[in-house]
Amino acid sequence: MGKGAALDWWLLWLGVVALVLVGLLQGAGDILGELGLNLWTWGQTTFRPWSTTLQALALPALVWLAFTYLLKEVFPRPQPVSRAVVSVVTAFWGVRYLLWRLVATLNLENPVAATVSLALFGAEALTLLNAVLFYLHHIFQVNRSREADRWSRAVLEGTYLPWVDVLIPTYNEDVTILRRTVIGCQAMDYPHKRVYLLDDGRRPEVKKLAQALGCGYRDRPDNRHAKAGNINHALPTLHGELVAIFDADFVPTQNFLQRTVGFFQDPRTALVQTPQNFFNEDPVSVNLGLEGIVNNEQTLFFRYIQPSRDFWDAVVCCGTCFVVRRSALEEIGGIPTGSITEDYFLSLQLQRRGYRVKYLNEALAAGLAPETIGAFVDQRLRWGQGTLQLLFLGANVLTMPGLSWGQRFSHALGFLYWFLSLCRLVFLTAPLVYLLLDIAPLRATVDELIFFYLPYYISGVMCFSWLTENRRSAFWSDVYETLLCWPMALTVVRTLLNPYNKPFKVTPKGVDTRSIHCHWPLMHPLLVLLGLSVLGVGRQVWLQGVVVRNPDSLAVNLFWAVYNGMLLAVCLLAAIDVHRSPYPWFARQVPCELKLRGWRWPGATVALSEAGALVVLVGQGVRQPGRGYLVFRQGSPLGHLELPVQVHPEGPVLQVTFLDMDLPTLRRLIPYLYCQPNQWPEVKVPEWQTLWAMITSLWRLYPLAAK
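If you're matching positions, the sequence shown starts at 96 in this note's numbering and goes up one per residue.
Label-pair restraints from in silico Cβ distances:
{"id": "1", "residue 1": "Glu425", "residue 2": "Leu758", "range": "32 to 42 angstroms"}
{"id": "2", "residue 1": "Trp794", "residue 2": "Arg728", "range": "46 to 56 angstroms"}
{"id": "3", "residue 1": "Arg241", "residue 2": "Pro316", "range": "41 to 51 angstroms"}
{"id": "4", "residue 1": "Asn645", "residue 2": "Ala682", "range": "51 to 61 angstroms"}
{"id": "5", "residue 1": "Arg695", "residue 2": "Arg245", "range": "49 to 59 angstroms"}
{"id": "6", "residue 1": "Asp284", "residue 2": "Arg241", "range": "16 to 26 angstroms"}
Listed below are the simulated BS3-like cross-link pairs for lysine-lysine, each with C-alpha atoms no more than 30 angstroms apart in a straight line:
{"id": "7", "residue 1": "Lys779", "residue 2": "Lys167"}
{"id": "8", "residue 1": "Lys303", "residue 2": "Lys288"}
{"id": "9", "residue 1": "Lys302", "residue 2": "Lys288"}
Bear in mind the hints are in silico, worked out from the structure with no lab data behind them.
Owing to the predicted nature of the structure, the values given are computational and were not obtained by experimental measurement.
Even glycine gets a Cβ: it sits at the ideal position worked out from N, Cα and C.
Hey, can you work out the whole structure from these sequences and the hints?
This is the structure we're talking about:
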């Protein structure tokens, strides 16, 4: 058959297929129209508000609002019983709303309207399912601090002191960051430990650093399997009974091993995970100028979700700040390498063999959060892709042998989370379909939404903040999900089609951004959605002066689009990186003395970092820059130190830069800054404060005004 005949043959088949599709769509339109009419008629007679007055319509929402407020006053800290009550009632409001949506609001008049309406309903159903399972999953939590007290006695008394190999995998992190981590690991108060730098960059300066600090050094000829391969390559050369792993930027507190090693007296304990804390703010709060007001995005997972996972025996290893039993690791063939989230796979492999993976919810280490919005997004995309990759590695949590039903439930909820980005995209585009194309995604009045939706919404906002003990705001969850929805949705789809389409990429650390930088790949889809929202609102406002429109549909979709526009505007501002220092600063008040040009000024530090200090002097201030010495006297937390400094007079607070610090000085300064027990308090911010911060960020335009 020639090329022309073949082309004619394919065109013929395409025509036949097109005719069949047209017929099917026409038939489907008739069926859906009839079904939609009957369903809508029945729903309108069955699910309807009991009154048309605003007071009566809002009564369920107001009653539940009053109840949750009273509950928060009586039980400031949620307990299992109060969590159960709130979770069940919240689920009731959600199911009530969803049933109403199903039988009374779907628009099935034609295939296009039905597609839009069913897509929105499906997104809401998936979001509600996730919310209900989330609340039920977190009714019970495990606190292992008392257990750690009991197990650690043998460690403190010296009767249980197994050798621990402390591994620090590194690829391209700056030597300054590595030096800080190694010194912090060496400062851990535990006698039987050996610290190793695992250098996948094969860098001479890192090898020289290891020699100078007196720690072990390992490299390998290739970078196969990235971090997991790096660790597996080093394991045969080590001999410790336990292995502690820290990412290159994480510094443990001095009591890290004292609090974790004791758990391994239980032979079924294979791994002990601790939270990830951060000594810098995440880029969203930094770029919006909301440091200290908006919690780090990962706080919810490490402080709230993981303790609940521990109840279900489904703790997730997070790749750093953990200790693992070497024999259990060898039993599963080392760190799994099939997924770029090797830590999650490690948890599943241990749990399916009956080992316990425990979670100690104590701040025993801290590291660097991603320092640019691009690094932040890339890290989340890697987590999403790596988790979904497990579905293609025989690690489907619903079918994997050896897991309990509780473990399957907990892990399945973690997999479900990554699909919510698709739902968020639907929520952002659904009102645009009405505003731009006059296709209603749902058929509902404002009265009905007040009666059916408002109680569910208020329950979600009020209870989420209370249940998580102000670790996360429902409004800021909307911001984070909106910010990530487009790239995450693409990642989810691409991973399902091709699980290994993107290789492992190390999150950059120690970034020093000296000017604002717009992350255009992230901003482009947000700008398009915001532009369409503005266009749609403008179109409907103009049409109101020409033709009479449906007032309820117009009001609902206009309000929805305005809220989406506010979220998109906040996300656009968050996608602009502002200047930040590469060194974390800590509020430390230490008595000191400044020696400069033959003069001595007593004073005290108000802030310290590895790079310098902020000092307030007593008496006459320094007006001219120069080189001098900052002296800490014996008896201060740093002992007697005399540091050469460069002085920068800037108002009442003097800034000094440390010059030429030697290794003994660093071994005093770094443990004092990073390694003190109980130095990482958990920040909790009330819901109203985070909401107000989101609103004010719109007119502050912080990243554009920041210098």
